[in-house]
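Both chains come to you apart, so use the hints to assemble them.
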Amino acid sequence: MNISLSITKNIHDWLFEVMSAPFATVVENVLIAVAFLAFFALAGLLLVWMERRIAAFFQLRLGPNRVGPMGLFQTIADALKLVSKELTGPDKADKFLYNLAPYFVIVASLMALSVLPFSQEFHAFDINIGVFFLIAVSSIGVIGILLGGWSSNNKYSLIGAMRSGLQTISYELSVGLSILTIVVLAGSLQISEIIAAQQAGGWFIIQGHIPAMIAFMIFMIAGTAETNRAPFDLIEAESELGAGFHTEYSGMKFAYFFLAEFINMFIIAAIGVILFFGGWLSPFGITESIPLLGIFWFMLKVLGLIFLMMWFRWTFPRLRVDQLLTLEWKYLLPINLFNIVLMAVIVWLGLTINF
Amino acid sequence: MTTTTENNAFKSQEYFINMGPQHPATHGVLRLLLTIDGEIIKNIDPDLGYIHRSIEKMCERDSYQQIVHLTDRMDYLSAHINNEAVCLAVENALGLEVPERVKVIRTIIAELTRLASHQLWWGVMGMDVGALTTYFYGFRDREMINDIFEETCGARLTMNYNIPGGLMFDLHPNFVQRVKDFIAHFKTKLPEYDTLLTGNVIFQKRTQGVGILTKEDAISFGTTGPVARASGFSCDVRKHHPYSAYDRVQFNEALFTVGDTFTRYQVRIQEMWESMAIIEQLIDNIPDGEFKTPTNAVIKLPKGEFYQRVETARGELGVFIVSDGKKNPYRLKFRSPGFSNLSALKKMAVGSKLGDLVAIMATLDIVVPDIDR
Numbered sequence: 001m002n003i004s005l006s007i008t009k010n011i012h013d014w015l016f017e018v019m020s021a022p023f024a025t026v027v028e029n030v031l032i033a034v035a036f037l038a039f040f041a042l043a044g045l046l047l048v049w050m051e052r053r054i055a056a057f058f059q060l061r062l063g064p065n066r067v068g069p070m071g072l073f074q075t076i077a078d079a080l081k082l083v084s085k086e087l088t089g090p091d092k093a094d095k096f097l098y099n100l101a102p103y104f105v106i107v108a109s110l111m112a113l114s115v116l117p118f119s120q121e122f123h124a125f126d127i128n129i130g131v132f133f134l135i136a137v138s139s140i141g142v143i144g145i146l147l148g149g150w151s152s153n154n155k156y157s158l159i160g161a162m163r164s165g166l167q168t169i170s171y172e173l174s175v176g177l178s179i180l181t182i183v184v185l186a187g188s189l190q191i192s193e194i195i196a197a198q199q200a201g202g203w204f205i206i207q208g209h210i211p212a213m214i215a216f217m218i219f220m221i222a223g224t225a226e227t228n229r230a231p232f233d234l235i236e237a238e239s240e241l242g243a244g245f246h247t248e249y250s251g252m253k254f255a256y257f258f259l260a261e262f263i264n265m266f267i268i269a270a271i272g273v274i275l276f277f278g279g280w281l282s283p284f285g286i287t288e289s290i291p292l293l294g295i296f297w298f299m300l301k302v303l304g305l306i307f308l309m310m311w312f313r314w315t316f317p318r319l320r321v322d323q324l325l326t327l328e329w330k331y332l333l334p335i336n337l338f339n340i341v342l343m344a345v346i347v348w349l350g351l352t353i354n355f
Numbered sequence: 356m357t358t359t360t361e362n363n364a365f366k367s368q369e370y371f372i373n374m375g376p377q378h379p380a381t382h383g384v385l386r387l388l389l390t391i392d393g394e395i396i397k398n399i400d401p402d403l404g405y406i407h408r409s410i411e412k413m414c415e416r417d418s419y420q421q422i423v424h425l426t427d428r429m430d431y432l433s434a435h436i437n438n439e440a441v442c443l444a445v446e447n448a449l450g451l452e453v454p455e456r457v458k459v460i461r462t463i464i465a466e467l468t469r470l471a472s473h474q475l476w477w478g479v480m481g482m483d484v485g486a487l488t489t490y491f492y493g494f495r496d497r498e499m500i501n502d503i504f505e506e507t508c509g510a511r512l513t514m515n516y517n518i519p520g521g522l523m524f525d526l527h528p529n530f531v532q533r534v535k536d537f538i539a540h541f542k543t544k545l546p547e548y549d550t551l552l553t554g555n556v557i558f559q560k561r562t563q564g565v566g567i568l569t570k571e572d573a574i575s576f577g578t579t580g581p582v583a584r585a586s587g588f589s590c591d592v593r594k595h596h597p598y599s600a601y602d603r604v605q606f607n608e609a610l611f612t613v614g615d616t617f618t619r620y621q622v623r624i625q626e627m628w629e630s631m632a633i634i635e636q637l638i639d640n641i642p643d644g645e646f647k648t649p650t651n652a653v654i655k656l657p658k659g660e661f662y663q664r665v666e667t668a669r670g671e672l673g674v675f676i677v678s679d680g681k682k683n684p685y686r687l688k689f690r691s692p693g694f695s696n697l698s699a700l701k702k703m704a705v706g707s708k709l710g711d712l713v714a715i716m717a718t719l720d721i722v723v724p725d726i727d728r
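Here the protein sequences come in this chain order: A and B. Going by this note's numbering, the first residue of the first sequence is number 1, and it counts up by one from there. Going by this note's numbering, the first residue of the second sequence is number 356, and it counts up by one from there.
Just so you know, these hints were derived from the structure itself, not from any lab. Where hints are given, some of them may not hold.
With a straight-line Cα cutoff of 30 Å, these simulated DSSO-like cross-link-like pairs (lysine-lysine) come out [as the list claims (entries may be wrong)]:
hint: 1; chain 1: A; residue 1: 330; chain 2: B; residue 2: 655
hint: 2; chain 1: B; residue 1: 560; chain 2: A; residue 2: 330
hint: 3; chain 1: A; residue 1: 155; chain 2: B; residue 2: 682
hint: 4; chain 1: A; residue 1: 155; chain 2: B; residue 2: 655
hint: 5; chain 1: B; residue 1: 458; chain 2: A; residue 2: 155
hint: 6; chain 1: B; residue 1: 655; chain 2: B; residue 2: 458
hint: 7; chain 1: B; residue 1: 458; chain 2: A; residue 2: 330
hint: 8; chain 1: A; residue 1: 92; chain 2: B; residue 2: 397
hint: 9; chain 1: A; residue 1: 330; chain 2: B; residue 2: 397
hint: 10; chain 1: A; residue 1: 155; chain 2: B; residue 2: 688
hint: 11; chain 1: A; residue 1: 95; chain 2: B; residue 2: 366
All figures in this text were calculated on a predicted structure; none of them were measured in a lab.
So here's chain B without its partners, still in its complex pose (with noise of 0.2 Å):
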């Protein structure tokens, strides 16, 4: 590496170091080769796979009911949403009607679902930047809906309450009261978050500007979710392709248009105000009936290739079946947001500090099982 050219010894060099697979911010087992010069990013090169189950090909051998089980193993901060985006799929290809109940229910826990993983990921957002008092606020905040989900379906993290058809069992009878109560909590809890992180100095200086995304590589790279509608790419599936009880509730799609790290944290924290504002709008009107429709024993699929796409917390979650006509899909595909969103790391990251890095990969909210599936 030596050359003899007089000013050698002050030639800077770039190295390499290993961020990960255990590395407190990429929030587990991701592992990103980087090339650094001195404190600048030269290039990033994610290595995946450190947590892959090889869940689709497990898809392949279960049945449809068994399939849903899986899915909160991807994205284990959007569990039921995942669920759901797999009952979706096997309804629509059967046809199968859900009563208005079950629709009002699986709005309501997919947007309590949405806000408690939004709660951890600004706790782990200020971690990620050097406040660490806001992960205990965050947790606080979500510990409320993980009661309310414990009495739902009885998990804490791997929720089970969708299934094709309907839900397992009905709400419990506190739920109401309960998700009422939360509601009430978090609408003062809030305005705290913003108090304590957003209108700090060194929060905006360490995250405005940083890591800008521009709307053509938002779209190029495939991202979707609070990361491409801080670059200003409406893709909100809620809005676009509605489904569940969301063709009948009034809200806003957080849409920002500058693209770099602050957007991307005021958008998720935009869209806490939206799915409380849904909550509401639905939690008295619960219509009353049947909590599931019945479905066969044995879910056979008819014939053919079925696409159901859902708005999970990270984006746009996309199941795509190929089925033979039997008890078990042929092949099964999850389009998962985080395997999108992380792609755009390199653009947004290269050139920028070693501090930036880590800001941006908080605001790329991974998770990793979600990504290696």
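The following block holds chain A by itself, in its conformation from the complex (with noise of 0.2 Å):
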């Protein structure tokens, strides 16, 4: 029996009801875009309360713990301060690309939230070329790191521009090729359907079991590398350039590059989960009854492995830069490509695990 609620399409149906067609859609956009956006607000807080508190664990602290239960609303109370704040920068600034670069970030991050499927109902955006999209967008933020560091008008902040910049080219390298082995997998870019293919023969990362495992790891190192985090923090190293491309950042455009990082990190995870754990599929398919319950998997999951990009950062020290080149150039980068060839040898033997 399938217990299927469809909220989304009882809304969709209804305002196809009562208004006329281009009317609905367009309303119906609207929706959509506010609901992402208040989930993206509300999303990077949690995210930056749970950073706090996990560093709080791991660090022998408490972290915040005075502001609504457990500290909770201590991010929102943050959020707020920052809106207040004035909005100061540099003399010298290149005004028009230092008030632009912060917008890169944060529409960039947006572009790629809009094609995640939390759950078989809420999946805004689901295009054939899905996973080909959410690589293409999600480096477009570089783009505004790099405005940012250079437009600042401060050396500090260059360095650190320069560093993202070099750092995300090459790790976008290694992040695409080992998405790319889970298509060859898949045999689709299209993230329903890869949910599908999971749905059908177990996840992804069982069922292509030895090169699935290699892609992972190789996608979590890059993917880290990606979002800028500790070990690959250099672009905000703040040992070595105070506190990188954001140096010059003030009130909420400081808070706009801020939130972009967690809702990054929430996308690489969102993708991970999407290629690897099977998106909102539930374990075994315990409750694969109630689609609903699709958003409680695919947050656990996304969650479990944003837990592991933040160990990551308390524990490891920081790369230097032509280690961090290194690292992809001369280990990812070849590692990957005999990876994928592994892959379709597996996947044309049909040597995949299939549950």
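Encoded structure:
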């Protein structure tokens, strides 16, 4: 029995019933946009809170625990403070680019967010090149970082921005290739089909066994690097560059960079869940008959991967800039290329593990 | 600057950045003028004096008892050892013999200070290479020593316990037990330091082969302490010119040969083990007796020049007193370890990356008030 509540479908049907088709489409899109914006802000704030609590847990501290239950509202209070702050900037900054940069970063992460499937029901934008779109859009953010660093008229910002440029360009390759490895296995770029393939034959991390696990490891390393988080946080290496590219930003513009970083982490974790851990699918199909629970499983897995990334951050030292490039070009990239071939051979010979 | 060569657009150009006086990696108000080509450091020019308080000049005004209290503002992480240096210098000049009890207590306190300093250094070292968690682990253990010091002398940072002739007051009754508790605690925690940072692949790659200082350079720059011992220069004052109770304890001088950032790190980790060994040998055998030899209320040194060296957590601290027989010195000069160690920075860091510079600076263990005085 399928106990689907079909919330989104009911809303869709109702909208088209009460108003004309073009108007309903517009209203529907606005509703979706508002929902995503709300999710964006909420998830960002919650992740900041989670990061601070987890960091405190690793560092023998308590973390925020005063505002609201377990300090949950601390980040909201911080956001309110940032909104009320004056927007100051350096005198000789390139004002246009300086003000434009945060929007690049935030728009890029919002666009990437739009194709993520939260469950079978909550999947706003299921295009046939979904994964490709994700890779393409997530790399727009680096333009914002480069612009911000360049226009700030600050040498530390500039060094941070340049590091970010070379880091993102290098690690994008690894993210892309490890995603391609799974696309070889799935035979589709469309996210709903990738998940459908996992529903049929088990999660890809098991279905694709060895190459999938290698791909997952590379994806996590490169994904951490692409979100500019420790141990790859060279662009804002506070012991070297102060704050890196966002040194000169204040108030809400800084908050944009900050929120985008956490949303990017969410996106990377979400891609990892979609490609390797079956997206909204429940383990062993235990709650497959209740599609609404998909959102619970999806978020649970995403938070698991986010916890892993936070664990990296609070444990590892930072790499040096040449080691960063050595790791990518001399190790990850060749392994990745070999891995794709391995995956292709395994798929071709039908050696996948299917349940 | 523009030339008309065809490759002008691809020509690299050196630029200049100010690292400090407000920068997280300079651990205070040190200013480094860096010339950089991309990420590679071409020249380093340290600019000192941002926290110069003319301590040496103030010493000429003060009585010898007062001078002691200025010294813990120099290298604030080795406050007890700095105090001890001045006290020893004055005592030697006077020919004053302090009780055995004082010597043993001074040694224990000095080793606890060294442990506390190295713990802070370890935390900051990790933070400088990007592992933020180490900071809190180092401070967790340092806190226990600070509590012991607070109970002993009332202060947690600028501690004053030594006076010319002995100690200000006797040990707190809890002292022995608390030190034993701390040693038992830290013996289980020091291996944790290795697990978290020393054994980490990224950390080893970041530090091995970086900022190499040869033995010849170490000697010619006048480096002392862990920096010199990592390069193979045996210079431990505690071994070569024992003072207080160091002549009756067994300990090894931490000596390495490579002289890179990683060995400087290892020297300090090993020194923490040695310090614990020294404390363990002494803590059960603190002799009974007086805690000070009475001195005149106004100490007047005989005419002449007096030098006393001690091993602080950073290296050799020298106190040079020129006395003209009055109640205050004619001239007092501190040979601070941080100043000489910093002078080797350019030799070590030129040609390496910006990230390496931060790691090298961290293993120099710079305390800027010690450099500027």
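Residue 458/B paired with residue 155/A [C-alpha distance capped at 30 Å]: violated (53 Å)
Holds or violated: residue 155/A to residue 682/B, with C-alpha atoms at most 30 Å apart: violated (53 Å)
Can you confirm whether the C-alpha distance between residue 458/B and residue 330/A stays at or below 30 Å? violated (58 Å)
Agreement of residue 330/A and residue 397/B with the hint, judged by alpha carbon distance not exceeding 30 Å: holds (27 Å)
For the pair supplied as a hint, residue 95/A and residue 366/B, is the alpha-carbon distance within the 30 Å limit? holds (28 Å)
For the pair we were handed, residue 655/B and residue 458/B, check the Cα-Cα distance against 30 Å. Measuring from Cα to Cα gives roughly 23 Å; hence the hint holds.
Hey, residue 155/A versus residue 655/B, does the alpha-carbon distance stay inside 30 Å? violated (55 Å)
Does the alpha-carbon distance linking residue 560/B and residue 330/A stay inside the 30 Å limit? Since the Cα atoms of residue 560/B and residue 330/A sit roughly 15 Å apart, the hinted pair holds (cutoff 30 Å).
Does residue 397/B sit within 30 Å of residue 92/A, going by the straight-line distance between their CA atoms? holds (27 Å)
Are the Cα atoms of residue 330/A and residue 655/B separated by 30 Å or less? Cα-Cα ~70 Å, so violated.
Residue 155/A and residue 688/B: Cα distance at most 30 Å? violated (39 Å)
When each numbered hint is compared with the structure, violations occur for hints 1, 3, 4, 5, 7, 10.
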